[in-house]
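Residue numbers (our numbering), protein chains in the order written: chain D, 1 to 487; chain U, 1 to 487.
Be careful, since some hints might not be right.
One copy or two, it doesn't matter: identical chains are merged, so the pair holds either way.
[Unchecked claim] Calculated cross-link-like contacts (lysine-lysine; reagent style DSBU-like; alpha-carbon spacing at most 35 Å):
{"hint": "1", "residue 1": "Lys221", "residue 2": "Lys347"}
{"hint": "2", "residue 1": "Lys221", "residue 2": "Lys353"}
{"hint": "3", "residue 1": "Lys353", "residue 2": "Lys244"}
{"hint": "4", "residue 1": "Lys80", "residue 2": "Lys244"}
{"hint": "5", "residue 1": "Lys17", "residue 2": "Lys80"}
{"hint": "6", "residue 1": "Lys221", "residue 2": "Lys427"}
{"hint": "7", "residue 1": "Lys217", "residue 2": "Lys353"}
{"hint": "8", "residue 1": "Lys17", "residue 2": "Lys427"}
{"hint": "9", "residue 1": "Lys456", "residue 2": "Lys217"}
{"hint": "10", "residue 1": "Lys353", "residue 2": "Lys306"}
{"hint": "11", "residue 1": "Lys217", "residue 2": "Lys347"}
{"hint": "12", "residue 1": "Lys481", "residue 2": "Lys80"}
{"hint": "13", "residue 1": "Lys17", "residue 2": "Lys470"}
{"hint": "14", "residue 1": "Lys217", "residue 2": "Lys472"}
{"hint": "15", "residue 1": "Lys456", "residue 2": "Lys472"}
{"hint": "16", "residue 1": "Lys221", "residue 2": "Lys17"}
{"hint": "17", "residue 1": "Lys349", "residue 2": "Lys456"}
{"hint": "18", "residue 1": "Lys353", "residue 2": "Lys472"}
In case anyone wonders, no lab produced these hints; they're calculated from the structure. Please read all numbers here as calculations on a predicted model, not as lab measurements.
There are 2 protein chains.
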Amino acid sequence: MAMKEFRSALGETSGPKHMSVEEFRTNGYRVIDWLCNYYEHIDSFPVAPLVQPGDIRGDLPASPPFEPVTFPEILSDVEKILLPGITHWQSPGFFAYFPANASPPSVLGELVSAGLGVQGMLWHTSPSCTELETLVLDWIVDMLALPDQFRSTGLGGGVIQDSASSATLCAVLAARERLEERSPCQTGADPGFVGYCSEEAHSSVEKAFSIAGLGRKRLRKIATDSDQAIDLGALTEHISVDLKKGLTPFFVCATVGTTSTLSTDSVRGVGLISQEYNLWLHVDAAMAGTASVCPEFRYLNEGLEKAASYCFNPHKWMLTNFDCNCFYVADRRPLNNAMSVLPEYLKNKNSEKEEVIDYRDWQIPLGRRFRSLKLWFVIRSYGIRGIQSFIRHHVFLARNFARWVDEDPDFELVKYTGLNLVCFRVKGDDTHNNILLNALNETGTLFLSHTMIEGKFALRLCIGQVWIDKEKVLESWETIKRVASSL
Amino acid sequence: MAMKEFRSALGETSGPKHMSVEEFRTNGYRVIDWLCNYYEHIDSFPVAPLVQPGDIRGDLPASPPFEPVTFPEILSDVEKILLPGITHWQSPGFFAYFPANASPPSVLGELVSAGLGVQGMLWHTSPSCTELETLVLDWIVDMLALPDQFRSTGLGGGVIQDSASSATLCAVLAARERLEERSPCQTGADPGFVGYCSEEAHSSVEKAFSIAGLGRKRLRKIATDSDQAIDLGALTEHISVDLKKGLTPFFVCATVGTTSTLSTDSVRGVGLISQEYNLWLHVDAAMAGTASVCPEFRYLNEGLEKAASYCFNPHKWMLTNFDCNCFYVADRRPLNNAMSVLPEYLKNKNSEKEEVIDYRDWQIPLGRRFRSLKLWFVIRSYGIRGIQSFIRHHVFLARNFARWVDEDPDFELVKYTGLNLVCFRVKGDDTHNNILLNALNETGTLFLSHTMIEGKFALRLCIGQVWIDKEKVLESWETIKRVASSL
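The following block holds chain D by itself, in its conformation from the complex:
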């Protein structure tokens, strides 16, 4: 058949001019060079940008271009227009929230993943994507000394989610599925499912209850003790009251490292209660989870063998760029049952034989990127040894910072749990501390966030960046002292 047999009433078209492979090489080098330059000068930018709402949009054209523009022009606009409105999460001066650290190998892993452009919804749609993910998640069971029930070789297994929020939602959905093998409301009767977490648990637990249609009020937020850990007596009491009301307790979330202060619930204590009342125990270790790569921090996970699910974020403290959450279940069936819908167009012989994992049945979306690649790049580039050293260095820096605060008569160490988050305040009232926070962030040399601890405003300084060093921590402490004394 000859080419002339292509016919068109529309007029023939040959498609747009794509960037050629050679142009991709040139522009790819340009982007790599641009990033190298960015990393070399990252310390020179205000960590949090000094822009007002609308400033960035105002510098961009209101309408999309009809004609193409060149790649160097685009990259130049990133530099000139966007960079002034970027918060520099990779700056060594970024101490706010929790970090979203992006090590060089993880950035390159993301590039390989984007370039391959694989969509791994089924084993069948890219076997390497699925099998590498299963393997790496099993590796991490070894690395963090997680209990055996989370290995894919048994009834459980791990999967990469975008975030701990999605992992928590999956845990809630699997817990509901396990208990009733049907959804609430499905029969027209409210089964009265109730769940529990501490007042300090992450906001995503409440969001999950809302999304799942259980109702935000059906999540009981249990009081915490003086360590900001869940009060086990209060938890048991709440469950008893709910049972007496005819409700159905089904889920409890324990936190290893709360967002506010990095406090940790007793996983063993909550685990014993979850066993007694047949609750699904989900353990959220989003930030602190990585610490257990070091044997000396494994006390955090004591009792984890009682958990039905567990998650932590390599994109927070394990050198892997956002998004990358590792979510484990002890029994994959309720999760898969809650998530699976199988239309004809996804059927294939491998799935039918149940020989393979189809990760679409482990998550909210159908499609998925090849995210295990960047995690594999990180683990191999650093080795367990390097990741341990990363964690220990941050803890070392945070411990020193906490000691300086504690020893300084002008400051108060509000909470430090021994890991990498220090909550502190200058002596004075909340307003004064809020003014200090804004003044510090306006220096541009560092970026902190805040929280409320037992009714008191506290500044949060979290050390988890790739490029942090002793000099920067010292310089930041000097800045904090100087700005505080100048107010």
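On the provided structure of chain D, position chain U as indicated by the hints.
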């Protein structure tokens, strides 16, 4: 303060050796070169790999490494171990499912995004990330001639989600929120929410009902007419029956381009019904949505001004690598109310003044990547002109392929709706066609998937790849004819 003031009981640590900026440059060039080589030879790999379950994992070490390995070693293992198990979604021979196309500018946009490592949960956590997204989503309203209610300058607006599945879930949750301003089950009474879509709607609508706790059975799958479009009479009838039962119809999903055949519901027809019964109309144009960049395909969206929400996937047919779904709402308040939980540690003065968009309240997860960057790279690199040309070229190729099938006495054109998906079969029974499908995929030169249309097995050939050309389409048709005649 001198360095000696750093003290440690653990023994001082200086952290791991990171890849230096210069090493990052060298390794970054290596990855770019590797991808160039991959693109140059992509046609030489079997599109779907010839591996068995466990093959890839079996070639990888069972345990994680304690010591680091070099970057070239990792990249070499990608080539030697992973590549044989990759399904080549970017190969011109990939015709299965819907494409997940990744143009060179989008890959480089993803690289910039990964390198900057910004987490845009709040405006405050990176103003450029939020403002560029809002702008680009407004641009797309212009580009696709979407109705004005979806512009951020009014009550509505757009947001990037990972996938149409998540967008549909958000639509269901917002619809529920709007109707009741409370979640079902919250009061202990089942409000009896029921929703509607056609039998041909995407599986994610059912998944959303399951996740939201509404119950899968509360989604009515309405029969389709001979065009595989929703039967409007049957829809009205179902609503009437549900109302008589005392149930509460609240949601309907219309599909512009079904997954099975790219058939399209009458958006206007469904819209009129949704108005009459006060249903939230969500329009899912995941694949076909991009077509309306061309004026000649805007008939697909006729009636869209009646929709409460809309989504399409630039990661399918708009040259942007996965993941990138654009989700629009006419009124952002019910979505934000359904999604918002505001803990102390996320409060900031900009959010309080309500001057800014915080996209965390528009999605399931809390954290988010800087995904608008790659979309902005694509739109600027191609211009509207280039994207139109991309769509027209694919439609041109698909129309010719459909004509060849139709004119061939050995084949049957089962369904072709005039866009870029051709559903066809060889004369013979379903088993014969299934054998043909497997035999074709085993040639390695192309990869097709299948569906069932009115009870008949049909092969699906979708043209949406970046690198497709006339020669490949012609060669693929020759292969199909040759393999079919050899069976």
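Verification of the hints:
Taking the shortest Cα distances, lysine 221 and lysine 347 sit within 35 Å of each other only across copies (20 Å), while inside one copy they are farther apart (42 Å). For the homomeric pair lysine 221 and lysine 353, the shortest alpha-carbon distance between copies (28 Å) is at most 35 Å, but the shortest distance inside one copy (43 Å) is not. Within a single copy, lysine 353 and lysine 244 get their C-alpha atoms no closer than 46 Å, and across copies no closer than 44 Å, so neither meets the 35 Å cut-off. For a Cα distance limit of 35 Å, the shortest separation of lysine 80 from lysine 244 qualifies neither inside one copy, at 63 Å, nor across copies, at 61 Å.
Taking the shortest alpha-carbon separations for lysine 17 and lysine 80, both the intra-copy value of 27 Å and the inter-copy value of 32 Å come in at or below 35 Å. In this assembly of identical chains, the alpha carbons of lysine 221 and lysine 427 lie at most 35 Å apart only when taken from the same copy (31 Å versus 63 Å across copies). Only between protomers do lysine 217 and lysine 353 lie at most 35 Å apart by alpha-carbon distance; the minimum there is 27 Å, versus 42 Å within a single protomer. Proximity of lysine 17 and lysine 427 under a CA criterion of 35 Å is satisfied in neither setting, with 63 Å inside one chain copy and 39 Å between copies.
Proximity of lysine 456 to lysine 217 under the C-alpha cut-off of 35 Å is restricted to the intra-copy arrangement: shortest distance 26 Å within a copy versus 49 Å between copies. Taking the shortest alpha-carbon separations for lysine 353 and lysine 306, only the intra-copy value of 31 Å comes in at or below 35 Å, while the best inter-copy value is 44 Å. Proximity of lysine 217 and lysine 347 under a CA criterion of 35 Å is satisfied inter-copy only: 22 Å between copies versus 40 Å inside one chain copy. Proximity of lysine 481 to lysine 80 under the C-alpha cut-off of 35 Å is restricted to the intra-copy arrangement: shortest distance 34 Å within a copy versus 54 Å between copies.
Within a single copy, lysine 17 and lysine 470 get their C-alpha atoms only as close as 50 Å, which misses the 35 Å cut-off; across copies the closest is 15 Å, which meets it. Taking the shortest Cα distances, lysine 217 and lysine 472 never come within 35 Å of each other, neither inside one copy (44 Å) nor across copies (58 Å). Only within a single protomer do lysine 456 and lysine 472 lie at most 35 Å apart by alpha-carbon distance; the minimum there is 27 Å, versus 67 Å between protomers. For a Cα distance limit of 35 Å, the shortest separation of lysine 221 from lysine 17 qualifies neither inside one copy, at 57 Å, nor across copies, at 43 Å.
In this assembly of identical chains, the alpha carbons of lysine 349 and lysine 456 lie at most 35 Å apart only when taken from different copies (18 Å versus 60 Å within one copy). In this assembly of identical chains, lysine 353 and lysine 472 lie within 35 Å of each other by CA distance solely across copies; the values are 33 Å between and 56 Å within a copy.
Hint check: violations occur at hints 3, 4, 8, 14 and 16; the rest are consistent with the structure.
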